[in-house]
Amino acid sequence: MTSTIDDSELRRAVIAELEWDPSIDASGIAIAVKEGVVTLAGTVRSYAERLDVERGVKRLSGVRGIADELEVRLAGSSVRSDADIAQSVLSALRFNVAVPDDQLRVTVDRGWVRLEGEVEWQYQRGAAESSVRPVMGVKGVTNDIVVKPRIKATDVRAEIEDAFARRARVDADKITVDANGDTVTLRGSVRTWIAKDEAEQAAWYAPGVASVHNEIVVNP
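Its first residue numbered 1, the sequence shown is counted upward by one per residue in our numbering.
If you are wondering where the hints come from, they were derived from the structure by calculation, not from laboratory data. Hints are not guaranteed to be accurate.
[What the hints assert, rightly or not] Cut-off 25 Å, straight-line C-alpha distance, at most; resulting in silico cross-link-like pairs (SDA-like, lysine to any residue): (1) Lys148 <-> Lys174; (2) Lys148 <-> Asn219; (3) Lys174 <-> Asp21; (4) Lys139 <-> Ser8; (5) Lys148 <-> Gly117; (6) Lys139 <-> Asn219; (7) Lys58 <-> Ala26; (8) Lys148 <-> Met136; (9) Lys148 <-> Ser130; (10) Lys58 <-> Val79; (11) Lys174 <-> Gln201; (12) Lys34 <-> Leu74; (13) Lys34 <-> Pro207; (14) Lys148 <-> Thr185; (15) Lys148 <-> Pro207; (16) Lys34 <-> Asn219; (17) Lys58 <-> Asn219.
Please model the complete structure; the sequences and the hints are all you need to start from.
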């Protein structure tokens with residue numbers, strides 16, 4: 001039989017997880033749980049902290065969905081002009097060797113950063129966003145960078161399934177992979193959000209993949 005976690009127990013687990021993580025100040029966060037869906041409300045100190053909160057919740061068994069309603073409320077010393085933020089973002093992109101910064105454009109609107117341009121690999125797209133998240137003053141990131149791979153996807157399905165099999169936490173036998181050109185669709189079920197994320201990450205690492213549709217269901 002599969003054990004289930006009731007909403008009150010899951011809420012206590014979420015609170016404990018967030019209070020345990022030293023990168024998170026949980027004092028301004030309100031948590032509600034209904035039928036396995038965790039709603040996060042209140043304020044955090046930075047965009048990076050907001051992402052840490054979301055990752056912390058995803059680590060927990062029994063979480064079926066997350067409604068992130070957190071607001072980034074910067075302290076007085078962290079408030080910066082959009083021009084200052086843009087300069088810092090450009091510097092962060094230049095110092096990351098994985099990012100082809102000369103192919104990217106940056107727009108900042110009231111602390112919200114938009115990244116545009118083209119790269120050849122998904123890891124470059126992810127590296128660009130990761131470089132921006134910790135920049136002081138950033139309230140959020142919209143990643144509109146397009147992956148335009150030069151490598152043609154010939155046997156993407158086999159490569160992804162091999163990657164699944166190497167990762168112990170991914171339920172490879174419960175996931176199906178549909179590769180159509182440079183687009184991959186994942187279906188099936190896994191036991192945790194982490195396994196779902198790892199399956200998607202494995203798919204993105206396959207050469208030639210420009211888009212991944214993750215339709216995997218989390219079923220504790």
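Hints, one by one, checked against the model:
For the suggested pair lysine 148 and lysine 174, the alpha carbons sit about 30 Å apart, so the restraint of at most 25 Å is broken. Straight-line distance between C-alpha atoms of lysine 148 and asparagine 219 comes to about 34 Å, which puts the hinted pair past the 25 Å bound. In summary, the hint linking lysine 174 to aspartate 21 is not supported, as the alpha carbons are separated by about 32 Å, beyond the 25 Å threshold. Straight-line distance between C-alpha atoms of lysine 139 and serine 8 comes to about 31 Å, which puts the hinted pair past the 25 Å bound.
Straight-line distance between C-alpha atoms of lysine 148 and glycine 117 comes to about 10 Å, which keeps the hinted pair within the 25 Å bound. Among the hinted pairs, lysine 139 with asparagine 219 is inconsistent with the structure: their alpha-carbon atoms are about 32 Å apart, more than 25 Å. Restraint check: the Cα-Cα separation between lysine 58 and alanine 26 comes to about 16 Å, which is no more than 25 Å; the hinted pair holds. Between lysine 148 and methionine 136 the CA atoms are separated by roughly 30 Å; this puts the pair beyond 25 Å, and the hint is violated.
Simply put, lysine 148 and serine 130 have alpha-carbon atoms about 19 Å apart, close enough for the 25 Å limit, and the pair holds. Pair hint lysine 58 plus valine 79 does not hold up; C-alpha atoms about 29 Å apart against a cutoff of 25 Å. For the hint linking lysine 174 to glutamine 201, the alpha-carbon distance of about 16 Å falls within 25 Å, and the restraint holds. Taking the CA atoms of lysine 34 and leucine 74, the gap is near 30 Å; set against the 25 Å cutoff, the hint is violated.
Note on lysine 34 and proline 207: the hinted pairing is violated, with a Cα-Cα distance of about 40 Å set against a maximum of 25 Å. Distance hint between lysine 148 and threonine 185 is fulfilled; the C-alpha atoms sit about 18 Å from each other, no more than 25 Å. With a C-alpha separation of about 11 Å, the suggested pairing of lysine 148 with proline 207 holds against the 25 Å cut-off. A C-alpha spacing of about 16 Å is found between lysine 34 and asparagine 219, which places the hinted pair at or below 25 Å, so the restraint holds.
For a cut-off of 25 Å, the pair hint linking lysine 58 to asparagine 219 stands: about 13 Å separates their Cα positions.
In this structure, the hints that do not hold are numbers 1, 2, 3, 4, 6, 8, 10, 12, 13, in rising order.
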